[in-house]
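2 protein chains.
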Amino acid sequence: MQCTSTIADMITIDAARLSRSIQDFGRIGTLPNGGVCRLALTDAEKAGRDELVRRMQSLGLTVRIDSIGNIFGTRPGRDADAGTVMIGSHIDTVSTGGLYDGTLGVLAGLEVIAALDDARLETHRTITVAAFTNEEGARFQPDMLGSLVFVGGMALQDALNTTAGDGMQLGTELKRIGYAGSEEGPRDIAAYFELHIEQGPILEAENVQIGVVSGVQGISWHEITVHGRSAHAGTTPIALRSDAGLAACLIVQRAYEMSRAIGPDQLMTTGTMRLKPDLVNVVAEEAVFTVDLRNPSGDALKQADINLLHIAEAVAAETGTRVTCRTLARFDPVIFDKRLVDSVEKTAQSLGYSTRHLHSGAGHDAQMIARVAPAAMIFVPSAGGISHNIREFTSPDDLARGTTVLAQLVSGQAELMKE
Amino acid sequence: MQCTSTIADMITIDAARLSRSIQDFGRIGTLPNGGVCRLALTDAEKAGRDELVRRMQSLGLTVRIDSIGNIFGTRPGRDADAGTVMIGSHIDTVSTGGLYDGTLGVLAGLEVIAALDDARLETHRTITVAAFTNEEGARFQPDMLGSLVFVGGMALQDALNTTAGDGMQLGTELKRIGYAGSEEGPRDIAAYFELHIEQGPILEAENVQIGVVSGVQGISWHEITVHGRSAHAGTTPIALRSDAGLAACLIVQRAYEMSRAIGPDQLMTTGTMRLKPDLVNVVAEEAVFTVDLRNPSGDALKQADINLLHIAEAVAAETGTRVTCRTLARFDPVIFDKRLVDSVEKTAQSLGYSTRHLHSGAGHDAQMIARVAPAAMIFVPSAGGISHNIREFTSPDDLARGTTVLAQLVSGQAELMKE
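One line per chain: the protein sequences are U and V, in this order.
Counting with this note's numbering, you get residues 1 to 419 for the letters of the first sequence.
Counting with this note's numbering, you get residues 1 to 419 for the letters of the second sequence.
Note that these hints are calculated values from the structure, not bench results.
Predicted, not measured: the structure shown is a model, and the values here were computed from it.
Keep in mind that the hints are not guaranteed to be accurate.
Identical copies go unnamed one by one, so any copy, or any two together, can satisfy a pair.
[To be verified] Computed cross-link-like contacts, DMTMM-like style, restricted to lysine to aspartate or glutamate with a CA-CA straight-line distance of at most 25 Å: (1) Lys-338 x Glu-415; (2) Lys-276 x Glu-223; (3) Lys-302 x Asp-24; (4) Lys-338 x Glu-257; (5) Lys-346 x Glu-285; (6) Lys-276 x Glu-286; (7) Lys-46 x Asp-14; (8) Lys-175 x Glu-204; (9) Lys-346 x Asp-166; (10) Lys-46 x Glu-184; (11) Lys-175 x Asp-158; (12) Lys-338 x Asp-118; (13) Lys-276 x Glu-51; (14) Lys-302 x Glu-286; (15) Lys-346 x Glu-318; (16) Lys-338 x Glu-206; (17) Lys-302 x Asp-9.
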C-alpha cells in the first residue's frame with residue numbers, strides 16, 4: 001500500500017543516533033587538534049571505508065564496490081525494475097578537514113535506512129547509499145573523481161593511472177587498501193539526493209535552516225605568469241622597470257573591480273601568489289598567481305574569463321611585462337533537476353523549516369550524477385561558513401533537520417510501503 | 001716636490017693588468033655557471049681574503065686586520081701626520097654574485113698603488129686600501145657591518161654576536177677563518193674614495209661614462225602583514241570576506257600610485273609576497289609582503305612612509321582586514337662631501353669622460369665612512385643595470401676609466417711627490 005501522504009508521521013530521524021554516528025566516525029583519522037585527515041586511499045581512509053562497510057552490513061545492506069572504489073550499500077525495494085533512489089556523498093577529507101564535509105551525506109543516508117527499519121517500512125523502489133572515491137581532490141586530481149568515472153566522464157584506466165603529489169598511483173593504492181572492486185553500481189537511478197554542509201556563511205548569516213540548492217556554479221581557474229626583469233630596487237628608475245610583482249598586483253586589483261562590476265554572483269579569488277626571486281630589494285622577474293572565477297551563469301563566467309585575459313594583457317602592456325595564462329580547471333555551471341529542487345523546497349517548508357535557494361559554490365558528487373540522472377542537494381548551515389578546516393561545525397539540530405528533509409524526500413521518491 | 005698639476009701625465013693605469021686582476025680574483029668562489037659566491041666569512045671568502053692579503057703584501061703594503069675583520073693595506077706617505085687617503089670597498093658577494101660589485105673598488109685600489117709604484121711616485125699623505133667585512137648583508141645582517149663598526153655606529157660585541165641564517169655566529173666564523181684581528185684601522189682619514197659599478201641602468205641608458213655620486217638615497221623597508229579570514233573561494237560572497245590576498249594587492253597598487261605622485265625620485269618595490277594557506281580555492285587568511293621605499297630626500301621619504309601606512313589602514317578598513325606594519329630597515333639619505341664630489345666631476349671631465357650626477361640607490365661602505373670623514377664615490381656603468389647576479393658586467397674600458405679617475409683623485413688628495 002502506497003502512503004506518501006503521511007510520510008512525515010511514518011518515519012522519524014533519531015537526532016541523537018545521527019550525532020553519535022558522525023562523532024564516532026570522526027575518530028577515524030582524527031588529528032591531535034580535533035580535525036580529521038582521511039585523504040583518499042590512505043590507511044586512515046581505508047579504516048573509514050571498513051567502518052562504513054561494517055555499518056552498512058549491520059543495517060542489512062548489500063555492499064558492492066566498483067572498480068574505482070566507490071562503495072554502494074543497497075536496500076532492495078519491492079519492485080527491482082522500478083529504479084533506484086540514491087543517497088550519496090564521500091568520506092574522504094582534505095588534510096586538515098572537519099567531521100561533516102562529505103561524511104554527513106553518507107551517514108545521513110544510513111540514518112534514513114535505520115529510520116525506515118525502525119518504522120518497519122519497505123519501499124517500492126530500491127534505495128542505495130553511495131560513498132564516492134576521492135571527491136576532495138586533495139590527494140589525487142581531479143576532484144569528484146569517483147563519481148566522474150561512475151557517470152562515464154573519465155575513463156577508468158586514466159583514473160587508475162592518476163598519480164598523487166606523494167608519487168603514489170591511484171590504482172596501486174586502491175589495490176593496496178583492498179578497495180579495487182569488480183562490481184557495478186546501480187545504473188537505474190531515478191533520483192539522487194545529497195545532503196551537505198553549505199561550506200559558506202549564507203544560511204547562518206540569514207538565519208535560514210535549509211538551503212535549496214538550485215545548481216552548482218561554474219568554475220574557472222586561471223594561472224597567470226607575469227614575466228618581468230629582475231632589477232635592483234634601489235638603482236632602477238620606475239620607468240626602466242619590468243616589475244612582475246607590481247603587474248601581478250595591478251591585474252588582481254582590476255580583476256576584482258571587473259568582478260564587482262559583473263555583480264554579486266561573480267566571485268573572484270587570488271589565493272596563491274609567488275614572486276621570484278622573492279627578495280625585499282630585488283624587482284621581481286616573475287610572478288605566478290591564480291585567479292579563481294565562479295558564477296552560476298555560464299555566459300557571465302565566460303565574459304569574466306575574457307575580461308580577465310584582456311586585463312592581464314593591458315597591464316602587461318602598461319608595465320613592460322609579458323603575461324602567459326593557463327587554464328587550470330573549467331567547469332560549466334550545473335542546474336539541478338527542477339522537479340527535485342522544487343520537492344526539496346516544498347518538503348522542507350512542509351516540515352516548518354525556513355528555506356532559501358542558493359547555488360553551490362563548491363563542487364559536489366551530485367553535479368556528476370546530474371549528468372545521468374535527476375539530482376538535487378540539501379544544504380545545512382556551516383558555523384562561520386568554515387569548511388575544509390578542523391573548526392568545521394554544524395549543530396546537531398541542523399544535522400537532524402537536514403536529515404529529516406532527506407528522509408522525507410527519499411521516502412517520497414522510493415514510495416513507502418507498509419511491511 | 002708637489003706636482004698635482006701634471007698628475008694625469010705622471011700616473012697611468014694598466015687596463016689589461018686591472019682586467020686580469022679582476023678576472024683572476026673572480027675565480028675564487030666561482031660558481032659552475034660563471035658567477036661568484038663569496039658569502040662573508042665562508043671558506044670561499046677566506047680564500048679571497050688570503051689572496052687579497054698576498055697581493056697587498058706583494059705590493060709592499062703593510063697589512064692590518066681589525067677586530068671585525070676589516071683588512072687595511074697601507075702605503076706610507078712622507079708625512080705620517082698628514083692624514084690618510086683611503087680607497088675602500090668589499091670582497092664579499094651575495095650567493096649568486098658577479099665579479100665587480102665591491103671587488104672592483106678594492107682591486108682598483110691595488111691598481112692605483114701599482115701605478116704609483118710603476119711611476120716611482122711617493123705621496124705626501126699615506127694611502128690605505130680597505131676591504132670591509134660583510135658589506136652585502138647576504139649572510140649576516142645588517143649589511144655594511146664592517147664599515148659600520150669601523151666608524152663606531154655599532155658596538156663590536158653586538159656585531160660579533162650577530163647570527164647568520166645558517167646558525168653560525170659572526171665572531172666564531174671570524175676566528176675560524178683566522179681574520180679576528182687585533183690591530184686598528186686608520187683614524188686619520190683625510191678623504192675616502194670608493195669606485196663601484198652603478199648596479200643600475202642609468203649610465204648605460206644615457207651613454208654616460210662616469211657617475212658622480214651625490215649621495216646615497218634614504219631607504220625604508222616595510223613588512224606589512226594583512227590578517228584576514230580563510231574562506232572557501234566558491235561559497236563565500238565577496239561582501240562577507242576578509243580577503244588578505246586582495247587587500248595586499250590593493251595596498252601595493254595604491255602605494256605604487258602614491259609613489260608615482262611623489263615623483264620619479266621616489267622608488268617603490270614589492271619584491272616579496274606570501275599568501276596563507278596559498279591554495280587556489282581558499283581566500284587567504286594572511287598575506288605578508290614588503291615595500292621597499294627609497295628617496296634621496298629625507299623629507300620626501302618620510303612622507304612616503306606615512307602615506308604607505310595610511311594606505312594600508314584605509315585598505316584594511318575597506319576590506320574588513322587588519323594590518324600590522326614592521327620597519328625592517330631605515331636609513332636616512334647620505335649627502336657626500338661637496339668638495340670631494342666636485343673633484344670627482346672635474347677630474348672625470350678633465351680626462352674627457354662624460355659625467356652625470358646621480359644618487360646611489362644601493363647602500364655602500366662609503367656612506368658609513370661619510371659619518372666620520374669626507375667621502376665620495378665614482379660609478380661606472382653596469383651592463384643592463386644588472387647586479388647581484390652572475391650576469392653582472394662592466395666593460396674593461398669602463399673599468400679602466402673609473403680606475404683612472406680614482407687614481408687621479410687619490411693622487412691629488414695624497415699629493416704626489418717624485419721619489
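Here is what the structure says about each hint:
no.: 1; hint: Lys-338 x Glu-415; result: within (20 Å within a copy, 97 Å between copies)
no.: 2; hint: Lys-276 x Glu-223; result: both (16 Å within a copy, 17 Å between copies)
no.: 3; hint: Lys-302 x Asp-24; result: neither (44 Å within a copy, 60 Å between copies)
no.: 4; hint: Lys-338 x Glu-257; result: neither (34 Å within a copy, 50 Å between copies)
no.: 5; hint: Lys-346 x Glu-285; result: neither (57 Å within a copy, 38 Å between copies)
no.: 6; hint: Lys-276 x Glu-286; result: both (5 Å within a copy, 19 Å between copies)
no.: 7; hint: Lys-46 x Asp-14; result: neither (27 Å within a copy, 76 Å between copies)
no.: 8; hint: Lys-175 x Glu-204; result: neither (42 Å within a copy, 64 Å between copies)
no.: 9; hint: Lys-346 x Asp-166; result: neither (46 Å within a copy, 66 Å between copies)
no.: 10; hint: Lys-46 x Glu-184; result: within (20 Å within a copy, 71 Å between copies)
no.: 11; hint: Lys-175 x Asp-158; result: within (16 Å within a copy, 61 Å between copies)
no.: 12; hint: Lys-338 x Asp-118; result: neither (31 Å within a copy, 97 Å between copies)
no.: 13; hint: Lys-276 x Glu-51; result: neither (47 Å within a copy, 34 Å between copies)
no.: 14; hint: Lys-302 x Glu-286; result: neither (27 Å within a copy, 30 Å between copies)
no.: 15; hint: Lys-346 x Glu-318; result: neither (54 Å within a copy, 40 Å between copies)
no.: 16; hint: Lys-338 x Glu-206; result: within (24 Å within a copy, 69 Å between copies)
no.: 17; hint: Lys-302 x Asp-9; result: neither (47 Å within a copy, 74 Å between copies)
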